[in-house]
Amino acid sequence: MPAAPETTRTLAQALRPRWGWLLLSFARREVSNRYAGSVSGLAWTLFHPLAQLAIFAFVFSQIFRVAVPAGYSAATYTTFVALALWPWIMFTEGLQRAMGSVGGNAGLIRKVAFPHRLLVYAAVLASVAVHAVGFLAVIVVLKLLGEPVRLSGLPIAFLLLVPYMLLAAGLGAALAAFQTMLRDVEHGVNIILTMLLYASPVLYPASLVPASFEWWTRVNPIAWFSERMREVFLGGAGLVTGDFIVAAFCLAVFAGGLWIFNRISPHFEDFL
Amino acid sequence: MSASMQARSGALVSLAGVAKEYPKLSTGGDRLRTLAALLFRLRDIPHFTALDDITLEVRRGESLGIVGENGAGKSTLLKVIAGVVRPTRGTVRIGGRVGALLELGSGFHPDYTGRENIHLSSALMGLSRREAHSKVGAIIDFADIGAHIDEPIKHYSSGMVVRLGFAVATTLTPDILITDEVLAVGDESFQKKCVQWLEQYLSGGGTLLMCSHSMYHVQTLCRQALWIHHGRMRLYGDAFDVTREYLTYHEEKRRSEPVVAQPSVHGPRVEAAWIEDIDGREADTFETGEDILLQAIVHEPDDRPPALMVGIMRADGTPVYGTHSNDTTFRPKRIEACRFAFCFRLRAQALIPGKYTLGAHALDAEGLRLFHSVKMDFVVTGKTRDYGLVRLDHEWLPGREAKGR
Chain A
10 MPAAPETTRT LAQALRPRWG WLLLSFARRE VSNRYAGSVS GLAWTLFHPL
60 AQLAIFAFVF SQIFRVAVPA GYSAATYTTF VALALWPWIM FTEGLQRAMG
110 SVGGNAGLIR KVAFPHRLLV YAAVLASVAV HAVGFLAVIV VLKLLGEPVR
160 LSGLPIAFLL LVPYMLLAAG LGAALAAFQT MLRDVEHGVN IILTMLLYAS
210 PVLYPASLVP ASFEWWTRVN PIAWFSERMR EVFLGGAGLV TGDFIVAAFC
260 LAVFAGGLWI FNRISPHFED FL
Chain B
967 MSASMQARSG ALVSLAGVAK EYPKLSTGGD RLRTLAALLF RLRDIPHFTA
1017 LDDITLEVRR GESLGIVGEN GAGKSTLLKV IAGVVRPTRG TVRIGGRVGA
1067 LLELGSGFHP DYTGRENIHL SSALMGLSRR EAHSKVGAII DFADIGAHID
1117 EPIKHYSSGM VVRLGFAVAT TLTPDILITD EVLAVGDESF QKKCVQWLEQ
1167 YLSGGGTLLM CSHSMYHVQT LCRQALWIHH GRMRLYGDAF DVTREYLTYH
1217 EEKRRSEPVV AQPSVHGPRV EAAWIEDIDG READTFETGE DILLQAIVHE
1267 PDDRPPALMV GIMRADGTPV YGTHSNDTTF RPKRIEACRF AFCFRLRAQA
1317 LIPGKYTLGA HALDAEGLRL FHSVKMDFVV TGKTRDYGLV RLDHEWLPGR
1367 EAKGR
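Note that the protein sequences, when read in sequence, are chains A and B.
Our numbering numbers the first residue of the first sequence as 10 and each following residue consecutively.
Our numbering numbers the first residue of the second sequence as 967 and each following residue consecutively.
Rather than coming from a laboratory, the hints here were simulated on the basis of the structure.
Calculated cross-link-like contacts (lysine to any residue; reagent style SDA-like; alpha-carbon spacing at most 20 Å):
{"hint": "1", "chain 1": "B", "residue 1": "Lys990", "chain 2": "A", "residue 2": "Asp193"}
{"hint": "2", "chain 1": "B", "residue 1": "Lys1101", "chain 2": "B", "residue 2": "Thr1079"}
{"hint": "3", "chain 1": "B", "residue 1": "Lys1349", "chain 2": "B", "residue 2": "Glu1253"}
{"hint": "4", "chain 1": "B", "residue 1": "Lys1120", "chain 2": "A", "residue 2": "Asn42"}
{"hint": "5", "chain 1": "B", "residue 1": "Lys1120", "chain 2": "A", "residue 2": "Arg43"}
{"hint": "6", "chain 1": "A", "residue 1": "Lys152", "chain 2": "A", "residue 2": "Ala246"}
{"hint": "7", "chain 1": "B", "residue 1": "Lys990", "chain 2": "A", "residue 2": "Leu281"}
{"hint": "8", "chain 1": "B", "residue 1": "Lys990", "chain 2": "A", "residue 2": "Gly112"}
{"hint": "9", "chain 1": "B", "residue 1": "Lys1120", "chain 2": "A", "residue 2": "Gly113"}
{"hint": "10", "chain 1": "B", "residue 1": "Lys1120", "chain 2": "A", "residue 2": "Gly116"}
{"hint": "11", "chain 1": "B", "residue 1": "Lys1120", "chain 2": "A", "residue 2": "Ser41"}
{"hint": "12", "chain 1": "B", "residue 1": "Lys1101", "chain 2": "A", "residue 2": "Leu33"}
{"hint": "13", "chain 1": "B", "residue 1": "Lys1101", "chain 2": "A", "residue 2": "Gly29"}
{"hint": "14", "chain 1": "B", "residue 1": "Lys990", "chain 2": "A", "residue 2": "Arg272"}
{"hint": "15", "chain 1": "B", "residue 1": "Lys1101", "chain 2": "A", "residue 2": "Trp28"}
{"hint": "16", "chain 1": "B", "residue 1": "Lys990", "chain 2": "A", "residue 2": "Pro275"}
Could you build all of it, start to finish, from the sequences and the hints given here?
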C-alpha cells in the first residue's frame, strides 16, 4: 500500500484566506455570461420565468381548473403558483449550473490552482441573485394588483431559501463531480428535474395529492418549501419546527455533496 | 510570518518521492471503476505513470530549470508544484505564494477584456479586492499593450496574451514563480524585458521554477537544473552541467541518424574528419579557452591539393566564424596519392559556453566550387555569464572623472 498523498500548502493557505473576492468574481461572471452577446441582456432572465408563469397559470387555472385551496381563497391561482415557482427556478437553475460549472471551467481547472468548490457556490449564488430580483419584482407587482401577499413574509421567506439553496449546492456539487467522469449525468438529471416539478406541489396545492402519494409529499423537501412559501406570504406563518428538520436535512445533503466533490476534485484535471 | 515557516521547513518548495499516475479511461466501465476507486480510495485502476519518484528542494532565492524532451513530464511536474495536480504518491510542501504561468493566457476568459481578466486573475491568485485594485495600473503598464487592454482577449495576438499573463503573474510578486515555456512566445523586446525582470526578481530573493527548451534561458536564469526523462529524474544539479549533458544526449541521439553528406560528382571529398584536443585525443567537449583541433583528410581524385573551408555555427544556426585554407599560403600535407591531410587549430577562448557545429567543406584546388561537407558538433563548457556571440578580449580598469567637468 503506497503512502497516501499529502499536499501541504501551509503558508499558501495562510496567505490566501480571502477567497471571498474570487467567489464574488465568479458569481459576477456567471451573471454577466448569461447576457453576454444579447441585446436585452438581463431582461431575458426575468422574462423567462414570467413566460413560464403565464403558461402554467393559463393551463392549470383555465384548462385543468385547479382551484386555490380554501385557506388562500383571496389569492388568484397565478399568485399561488408564482410564490413557489420562483424559488423552484432558483433551485433548478442553481443545480444545473452548478452541475455544469466544472466542465464549463475546464480551462481554468487545468491551469490554475484554486478551490474548485467556489465554482459550484458561484453558480448557485448567481442563480439566486438573478431570480431574487425577479421574485421581488413579481411580489411587489402582485401586491400592487391587490393580491393578499404579505411583504412582512419576506425575511422568513429569505431564511427558508437558505436551506433550499444549500440543497441545490449540495446536489449540484456531487453531480458536477460525477459529471466530469460520466457525461450521462447531465441528461439524466434534466429528466429527473422535469419529473420532480410535476411530482411536487409547485403548480398545484398539496391538498390535491391523492392519499396514496401523501407520504411522498411529506418527505419531498421541494414540496415542503413550496407549501411553506405560500403559508409565509399568504398566511403570514412564522418558522415552525419542521423548517429546522428540513434545514438539517438540506445541510446534511450539502455536506455529503461537498464531501463527494472534494473527494473527486483533486482529480478533475485527470478527466477534463 | 513567512520567515518562521521558512526556518522550520528550510525549503520553499520540497518534493519527496512524488509520482503522478493518470487513469486510463477508454471504456465506460473504466470510468465507473475509476469513479468508485476515487470515492472509496481504492488503487487498482488502470493507469499510466506520468511522473515517478521525483525528489527535489528549492530554497528561497534559488532558481531551477526543468529540461527534457516533449512528453517527459515537465509540465506535469510544474502542475504538481503549482497545486493544479495532486500527486498520486509522495509529498509536496510549498512555503509561499505561488504565481504560475502554466500556459499562455491560463486563467483568462476569452470574452472578457484585458482589464476584466486582470481582476479575475488576481482574484484567482488569492488577492483581495483592494489588493487587486491597487495593482491594476502596474500590470497594465508592464504589459504595455496600449488601448487593447479594453478589448476582449479573444482579439489578442498570442504575444499580447503572453504579455498580459506575464504582467499579471509578475506584478503580484509571488514568492515562487513558475513558468512553462511561455517566454518563447513574446517578441524579442518583450522577451528581453521578461528576462530582465526575472533577473531582477532573482537577485531580489525571488524563487523561479521554469521549464524551457532554450538552454540559453536555463543557463542564464537558473543556477540549478533538473532533467526529466520519461517521468523520472535523470540528472539534477548545476544548470551548466545538466544542460550540457542534456545536449550531449540529443547529439548522441542524432548521431545514430545519418550525417549530412552530398555524394558529389567527380571532385574532392572529405574522407574523414574529427575533432580532437591539444593532446591529440578525439573529443567533443572543451573547457572555455582550450584549443580545438580539426583534423580532416580529403580525397582529391585528380591529385591536386584541394582547399578546405571551415565554418563554426552556434547550435541555433547563427554563424560565428568561417575561414578558408586558400586565404593563406597553407598547402595540405599529401599523405599519399590523391589523399591530403588538413589540421586546423582553433584558439577557442573567444567561444562562449554552448553548443556549436563545426563544418568542414571540401573545395576544388582553386577554392571556387564546393564539393562535399561534413558536420560535427562540439560543446564548450564554462561558467561565464557572458552574453552575445563571442567573447571579445577585454579588461577592466580603474575609472576616472570626465575631462572638462
